[in-house]
Structures are given as C-alpha cells and as structure tokens.
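A.B. asks: Based on the provided sequences and hints, a complete structural model is requested.
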Amino acid sequence: MEGLLPDLDVIRKDFPILERVLAGGQPLVYLDSANTSQKPQIVIDTMVDHLERHNANIARAMHQLGAESTEAYESARDKVAAFLNAPSRNEVIFTKNATEALNLLARTIDLGPGDNVVITEMEHHSNIVSWQLACERSGAELRWFGLTDGGELDLGNADRLIDEHTKVVAFTWVSNMLGTINPVVDLVARAKAFGALSVIDASQAAPQLPVDVQAVGCDFLVFTGHKVCGPTGIGVLWGREALLNELPPFHGGGEMIETVTMARSTYAKVPHRFEAGTPPIVEAVGLGAAVDYLGHIGLDAIHTHEQTITRYALEGLQSIPGLSVMGPLDATQRGGAISFELEGVHPHDIAQVLDSRGVAVRAGHHCAKPAHARFGVQSSTRMSSYLYTTPAEIDALVEALHHTRSYFKVG
Amino acid sequence: MEGLLPDLDVIRKDFPILERVLAGGQPLVYLDSANTSQKPQIVIDTMVDHLERHNANIARAMHQLGAESTEAYESARDKVAAFLNAPSRNEVIFTKNATEALNLLARTIDLGPGDNVVITEMEHHSNIVSWQLACERSGAELRWFGLTDGGELDLGNADRLIDEHTKVVAFTWVSNMLGTINPVVDLVARAKAFGALSVIDASQAAPQLPVDVQAVGCDFLVFTGHKVCGPTGIGVLWGREALLNELPPFHGGGEMIETVTMARSTYAKVPHRFEAGTPPIVEAVGLGAAVDYLGHIGLDAIHTHEQTITRYALEGLQSIPGLSVMGPLDATQRGGAISFELEGVHPHDIAQVLDSRGVAVRAGHHCAKPAHARFGVQSSTRMSSYLYTTPAEIDALVEALHHTRSYFKVG
Amino acid sequence: MSAELDNLYQEIILDHYKNPHHKGLREPFESEVHHVNPTCGDEVTLRVHLAGGVVEDVSYDSVGCSISQASASVLADLVIGKPVDEAMTIHQTFLELMQGKGQVVPDEDVLEDGIAFAGVAKFPARVKCALLSWMAWKDATAQAQSEGVTS
Amino acid sequence: MSAELDNLYQEIILDHYKNPHHKGLREPFESEVHHVNPTCGDEVTLRVHLAGGVVEDVSYDSVGCSISQASASVLADLVIGKPVDEAMTIHQTFLELMQGKGQVVPDEDVLEDGIAFAGVAKFPARVKCALLSWMAWKDATAQAQSEGVTS
Ligand SMILES: Cc1ncc(COP(=O)(O)O)c(C=O)c1O
Ligand SMILES: Cc1ncc(COP(=O)(O)O)c(C=O)c1O
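First to last, the protein sequences are chains A, B, C and D. Each residue of the first sequence is one higher than the one before, counting from -4 in the numbering used here. Each residue of the second sequence is one higher than the one before, counting from -4 in the numbering used here. Each residue of the third sequence is one higher than the one before, counting from 6 in the numbering used here. Each residue of the fourth sequence is one higher than the one before, counting from 6 in the numbering used here.
Because the hints were derived from the structure by calculation, they are not lab data. Honestly, I wouldn't trust all of these hints.
[Claimed, not checked] Here are the computed lysine-lysine pairs in the PhoX-like style, where the Cα-Cα straight-line distance is at most 25 Å:
1) Lys264/A to Lys133/D
2) Lys28/D to Lys106/D
3) Lys264/B to Lys143/C
4) Lys143/D to Lys127/D
[To be verified] Ranges of calculated distance between the beta carbons of each label pair, as one might list FRET restraints:
5) Glu32/D to Gly317/B: 32 to 40 Å
6) Asp158/A to Gly371/B: 32 to 40 Å
7) Arg259/A to Ser70/B: 56 to 64 Å
8) Ser151/C to Lys187/A: 27 to 35 Å
9) Asn12/D to Asp181/A: 51 to 59 Å
10) Asp105/A to Gln150/D: 27 to 35 Å
11) His27/C to Asp44/B: 45 to 53 Å
12) Thr103/B to Gly151/A: 53 to 61 Å
Yeah, the Cβ is synthetic: ideal placement off N, Cα and C, and Gly gets one too.
C.D. replies: Structure (structure tokens):
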C-alpha cells in the first residue's frame, strides 16, 4: 500500500508490547493510540540506563551522577525544543502531562470581569474545565466555537466571538474525538488581531504531524509525553520566553526560586520558574529519546502513514452496515482517531466483543462530552492508529465489527 | 556493628547503580539520598514489565491492556494506603511530587484576610513558598516557628503563634537540612485545639521511619516517590476523605469530572477529583513496588540502620578539626541527613574534592535558605545515608574530608 | 475467549437489555437521583417510591450499555414489592457478587435473574456498568428514608 | 582524577580566592546589581563606575566558593581601566571559554589570569560559579549605560 512507512515490520519490532498475546491466544491489535501510544524499546532502555547508571537529582547536585543526570535532563529539553522548532530552549517547560500544562496557563494568565476566553466545542475536557474554573475564579466569560454537522469548527460567528475583550483563544490542533484538523494558523491570526493570547492543545497533533511553533505563530502550545511514544508523567508547555517570564509563578518550591526568606521570595526565570520541585527526570529523559525516535523516522513520513491507514480504515468502517463515522470523511483533512457509532450496539459492548478478539479500541466519551452532546450521542467507539499500525490490523478491526453485529444479532 | 541491616551486602546488590565506577576508577560512595534515593532492581524491572507488556491508559480503557494497567495503578494505591496505614484507599492521591501535593493544598484550602497559616523556619522551600503565595493571593498572614540554637523547633511562643484564626499548621516531620525529628503528634494536637488543619511534610520521614497517619492524627500528609526508592514523577497526597471531598477542584481535565457541558461541570470524588489528566501511571506502579520493597525489609529495621549509620557518621565527622555539625547531635533524635561546615573551605569546594574521590554529597542551601539564614550561613555540605549505606562509606567520607583540608591547606 | 464472552453476555442479560422491565419514570416517588459513570458516560435517572417500609416502585430512565441497562431491569424486578430491609440485603448480595472478581458463587434464591451477572465480575471495567443503577437505587432509597424521617 | 582536580583548582585560582583583588564596595558608581546562583546560594553585589566610555571601577562584595570568588577578582583585574567595548569583548571571550565544555583553547593575551578557568569548563556544575560575577558585571554595565542615555 502506497504511503505506509517503508520499514513497518522493522518499526513494529521496536515495540515489545506488539508481541503480547492476549487471553485465548489472541494477538494484540492495538488501536487505542490516541489514548496512549506504545513505547519503543529505545525509550524503555534509555530510562533503564538512566535509573541503573546515572540516577541523581538534577541542578542541585554537584557530583558526577548529578552532572550526568542534569545533562540528560537538560538535553531532553534541547531535543523537545528542536522537535517544536522553538527559538529558545528556555521556552520548553516540563510538566506532568498536557492537562497540567493547560491548567498552569489557566491559573497564571491574568483574567478578570469583562474579559473573555474563547475555546471550542470539540476540546478535550482538559482544555474546557481548566478554563471554566479560571472563569469562575476571575469572573471572566467563557465563549466557544460551535461545530458544523461535518465535525469542523463553525467559524461563521468568529467575528462576534473573538473581540477586544478576548484575553485567550485556546483550541485543539487535532480533535481527539472527531479527528478534525483545525486551521491553527488562521485561528492564531484571529487571536492576534485582537491582542489575545493563543493557546494550542497539540496533544493529538504532536504524535502525528510536524509541529513548528514558529511557523504557526502561536503564543503557547502544549502536548503530552505518553502519546508521542514517551512515558507517562511528562508533558510539555511551550511558550514565548517573554510571555512566560511575565506570568506569575505557579507552584512554589525548590528550583523555581531566586531567593527565599521567611517574609518573601523572588523567582527564577523560565524554564525553572515553572518547574518547582524535583521534576520528572527519568520521564523527561524518556521523552527526549521518544522525540528523537520520531524525528529519526520523520514526522512527514509518519503523517503520510497515518493518512494512509486512516483512508484505509475509513473505507473499511464504512463498508459495515449500520456504522456511521463521526467527523470529516476525507483522510487528508483529519487525524488518525476515528469515532463511530454502530446501530443497535452500545460502544461498551462493541469494545468488549472487539477485545475478545484482541482488538483494543476505546469506548465512551473520550473526555469530550460536549462534542458528543453536539452530535446527540452519549458515547462512541474510537479506533486510533499510529506509526506501528498495519492495514492487516484494520482488517482485523473490520472483521471483528462484522462479528459484533452478528453476536448482538443486529441488522 | 550492632543495628545495621542484617543483609546489607544482599541489599546493596539490589541497587545496580552502587556498582558504578566513576572517573579515575573511583567506586561510587553515594551519600546524597536525602536528595534522591537510588532505585532497587525490582522497581526498575516492575516499570519495564509494565511498559513492555501492560502499557495502556487507565480507567478509560475497556480492553485487556487497559484493565491490566488500571489494576496495576490502583493496586499501587492500595500499597501506598497500607504503607501509610490510611483508613481508606480513596484518601491516597497521586501527584507529581511532594511539591505539587503541598501546592495542591495551598491552592485549594480556603484562606482569607484575618486568617493565618503557621509554618516553621526549617521547612523545605516547597512548604514555604507554596504558603507564601497562598497568603499573597488570599490576604492571610504567614507565621512561623523559629528554631533553637540546637536546631529544634522553638515551641516557646506556640501559644501565641497558633490561635483561633489559624487555618493551617504545616510542618516537616524530619528536616532535610538539620535532620531534626519534630514532635508531630504534639503539633497536630496544637492545630486541632484551634480547629486548624494540620499538614505534614513527610518527604524525609517516609523513607526512613514508619509513617502511620492514624497514629499521628494529622489531616494531610505528603511525601515524594523518588526519595523512597521509587521513580521521579510521582508523589503522594494523603488526606482525610471527608476533608478532601470538601476541597474545590485543583486542575480541571480528564478523569476528575462527573459530567461536563460547555456551560458547567461537576466533579468526581477523591481520589479522581484530584487526578486530572493521564496520571503518572508507570511511576505509580514503580512507587508501589518501592513501598513493597521497603515494607519487606521493614521500616523499623531501616530506621535502626539509619540511626546506627548516623551515629557512626556523627562521630566520624566530629573527629575532623574545624568541622561543625548543624542540628541535633544525638543520633536517636534525628534523621540521616547531616549538614556541616568545614572552616576555611566552601561547601562547593568540599563537594568537588569529595567527588574526585567518588564521594557524592550535596553542597548549597538544600532548598532550605531560611534555616541556613537562621544559623548565619549561606550554604553547607550535607551527607545523607540510606538503607544501602555502609560504615565503610562513612569512613571514605571522613577520609576524603581530611584530604579536603589538606588539599586546601587549612588548619 | 468466546466462552468468556458468552459468560458475560448471558441470554438473560441480552433479554433484559432488549426488553427492560419497569423502565420509564413514574409517579409517585419520594426521591429522584441522577447517577453517571464518569469514565464512560453511562447515565441513569432513578426514582424510588416507598410506603410502609416497602419498596412500592422503582422507575428509571437510562442510557448505557447492555450490562448497565439489563442490570437496572433486574434491579427493579428484584426490589419492587419487597420490604426495604430485604431489598437492602439483596443489594448487598449483588454488590458482593460484583466485587468478588469471579470467585463468589451467586445465590439464585436471592438474586434470581441477577445471577446472570456472575460473569461480569470477571471484567473489572464492566463492574461499574452493572452497579450504576444499584448505587443509584441505594442513594435514592437513603434519601427517601431521610425525607420520611424529617417530614 | 586528582589531575582533573588540580586542573580545576589551579594555583592562580586559589591565590585569587585567598587574596581577592578590588574586593569591597566603593563609590562612586552608576549602578549596583545583586546576583544569586539559585541552586547553591552564591551571591554577589557588584557596582560599576563608568566614565567617558571607560570602566573606571568595578567593586563588589560576594559570598561563595573559590571559583566564584576568584572569578570576581579576575574579572575586576581584567576590566578595570579598559574601554567598555574592549571589556565586553573580554566578557564574550570568557563566556565562550566557560561554555566550551573544555574544548576551547583560552587566549592568554585577552584573558590573562582568566585562562586558569579553562579547567572549570569541564565541570558543568561549576560553570555557573565562574560566571556569576561576570553576568552581574554585564547586567550592571548595561544599566549604567542606559542610565547614561536617559539622564
Ligand atoms: C522536607 C522536604 N520537603 C519537600 C521536598 C520536595 O520534594 P520534591 O522535590 O520531590 O517535590 C523535599 C525534597 O526535595 C524535602 O526534603
Ligand atoms: C486533545 C487532547 N488534549 C489533552 C489531552 C490530555 O492529555 P493528558 O491526559 O496526558 O494530560 C488529551 C489526551 O488525553 C487529548 O487527546
């Protein structure tokens, strides 16, 4: 199939879990990568090497292990900066996940009554609830872009939504439910026109397409480590250096200070300003190995692979009677997460039957309840591919869905 | 030597890094465990097994890997609950580190003008700056216990410090700089007498002595994974279930919700209430293995070992001309972190010379600037032992300190 | 694996799913609750009508998977018409079955059609589905009882 | 390892440490800054006096390790009396040496005693010590210059 990663077999060998055999001797067909990606051996080995040979606290430690650990942690920062094409390494803040990165912004960007924050109806809960809470605390107003029936942002009333009182426009690059790829450059420009800060949630974009913060021109961007082949416990907040240094501190603690007395303290500049306490060291090191791994394969090639698999999956899914795909139907306009409904069978039950055949998908609201509500559904089933996904795995999914229909005697 | 862990040699074999050979062929003498502990093989192997065979997102995933991962994560919660003797597993909240746990409390406990928060002068910056920021935001007043010349809490004015306007009394169980073990039961009782919440920073206590939240009677207690043989990226907030469920949400995002609409959301109960987003899954699993490991050796035995090593170290250090130890001099009254000054040589320079002999210690303010200021010093050198420390390593330290004096031609 | 699956989706469950008993919201009632399974979004609105220490009616409206739907139907069958105390005992028995990780042998005398849920206990992710309406019922009953006390 | 250590603690450094040049805060000055190394707590208060485009005086008070103390002393030696431009070039040269991870061969003509710091570049944790007063001096000089422009 044209467009697949050339050495797909070799790539699959990089991921030990893909050899897992599940109950009943079923081989694993992992189609839940938008939830979390699997980890290549190199990421695991890098973490093990760090823990077994170089483990020490960073920055504060003056000894050889401390120097090695600090060097490993800080070079992960360099790798992430390169991954995002960030102008400065200081702009890369390590957080615990994308959720923390979004909440950091929602807690530190100054908002007040009369201000408004604009989000969209297709956001992940992390990019909704964080701003709801910020608006409750500050008295600012929360506004949002609605969605078209085709699952795209409805920009029709954009000129009324974003105005001179808009302080933040926060939106996802790629929807984790609908797969929609949003016009980020356009949205950033609209925010900028009114002097609002733009915040991009790249949690689903960073795994599958090249992210260049300078080309996009946004003010802040976040992503999460465990979806880009890295470990859990690590996420990234990127922001323009000057903006970050103007934000008040978030957590108070070790390493974020300049000086501390009992009466008052002063704070360091970024990145340390926002990295209070012992950071996720081995996790950052693992993330560094992960973005290196992705960079080595090439984000363009990964993107083409995802689109190829997605096109094949869209075809296969639509061949199933009673199945309807939500979101854009053109594979070139979407990411690799495909949510769908199957008439007469509840998503949980679909996922359960699929699981009995080793096919792992997600069922539920995928932390996107408002997007589900918009389409009048309470939950859906989602398959999501990644760089290790093969067409044969899509075939297994399609076949298992046919089986599901006959199991529940629908149609 | 009476009091050492019986199978010290065997225990040392559990820690692969202890075989590291440093520059110049020097074996590693790791005396920086209060900064971060080393990791036993079982913790590393448990993490690797999780990543290679069971990796999936938790709670949300309906498939077999998801069930395995959720089971691993939730049983880590059970293990931590047992480690703390918590009445309910729901009371164990996984955070990123102790710093985040303290900041979570400082952000969510309701404070206002007229209220006060009482801390101590021997706190780690994480338990100072978090409350400074909370007091700045809320208009509450920050008060603190001073220290005696012997490095203990000065409780002389306790009755004036804690009063009916006190909302929080937050203090460390064991000082990371002075080693002092504080009278936590007494402090909790004083807080309770005025209806104030008690918050214990057990970051240095949890590694080395049995922690029983029911026996202590406190309201909240925090510790950090990487100091108890666990990985970085994971910490614990324990709190009474009813109190935790009354606190407003901290971060908004996935898993902490009950339901979400664009207009408003409702929130889950603990523990999920405070675990927004994908948590540090493999890190929690690693922490579970770590507390199991410690429990297997026995916290009482570890405590005795630490005291034995500490006593031996105090003797050895005090034999060095010009060296003065800060904090209590009675090994039974203190933890295993020993900070000291050496006349005529700056702590950096001491640490550097020690490092050239493979001896890893910490030099600086150890994130306890106010405690240093109290004793009129700007920085100190700190050695800290752990369950794998041998008397021979203390001998190596003492010898290296003699060498340092001669290197810098002092005395 | 198909055997495990058939064990989960017993005919009884699928029957209750296709033809749920007592479904729909009815009057009179002393309390109404709304419960959600936060991870998957399954929802139930459930009303309880008590009279003279007896569960006179349980009515509900719900969206969710076969397990959560069938379990609401079985719950209603089991508790309607029973003294509250006895209904609570049934609740406890069902709870123990669900939390038993597949090790508990169900008591058909107490649970009737509910024994079909024994297979669910082996699927931790689905236990919450099976318990959704049962937890709602317990909550609603407690509210109805305290209403009774205070009014 | 002792060789590496001797390479770090060159005699010149230890001499400057024991007998720092130009130490103490003096008048007149156009700007004073206070810099801290947040990780270890080393501090320096540093004053700059410029006149006619020349660094007339650099005076300082500092607490810290041998490397940070000696480097302040060497800095003062090197820049006092030099045109600001030339002093900035020396600053740049010293910075490059420190950030060179031990790969840069120091230029004795420019750095004089400063070449003794070549060994420090191999100890990443100590580079900040060596740079503390240099960063403070650059900051203070920039402030003094902008003072000059605005006043
Ligand atoms: C007493 C004490 N409290 C809090 C902390 C903070 O822990 P962490 O950096 O893991 O958040 C530490 C260790 O650095 C500590 O020693
Ligand atoms: C679009 C989007 N945003 C944010 C998140 C949150 O990421 P995390 O749970 O790692 O914080 C996710 C994934 O769960 C996501 O898909």
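A.B. asks: Now tell me if each hint is right for this structure.
C.D. replies: Here is how each hint holds up against the structure:
Our distance criterion of 25 Å between C-alpha atoms is met by Lys264/A and Lys133/D, whose separation comes to about 15 Å. For the given pair, Lys28/D sits about 29 Å from Lys106/D by alpha-carbon distance, which is inconsistent with the 25 Å threshold. At most 25 Å may separate the alpha-carbon atoms for a hinted pair to count; Lys264/B and Lys143/C meet this at roughly 17 Å. Annotation: proposed proximity of Lys143/D to Lys127/D holds, straight-line Cα distance about 23 Å (limit 25 Å).
A hinted range of 32 to 40 Å for the beta carbons of Glu32/D and Gly317/B is consistent with their spacing of about 37 Å. For the pair Asp158/A and Gly371/B, the supplied restraint of 32 to 40 Å is violated, since their beta-carbon distance comes to about 57 Å. About 44 Å separates the C-beta atoms of Arg259/A and Ser70/B, a value inconsistent with the hinted range of 56 to 64 Å. Judged by the Cβ atoms, the range 27 to 35 Å given for Ser151/C and Lys187/A is violated: they are separated by roughly 56 Å.
Range check, Asn12/D to Asp181/A: Cβ separation about 57 Å, and the 51 to 59 Å hint holds. About 32 Å separates the C-beta atoms of Asp105/A and Gln150/D, a value consistent with the hinted range of 27 to 35 Å. For the pair His27/C and Asp44/B, the supplied restraint of 45 to 53 Å holds, since their beta-carbon distance comes to about 47 Å. Evaluation of the 53 to 61 Å hint for Thr103/B and Gly151/A yields a failure: the beta carbon distance comes to about 39 Å.
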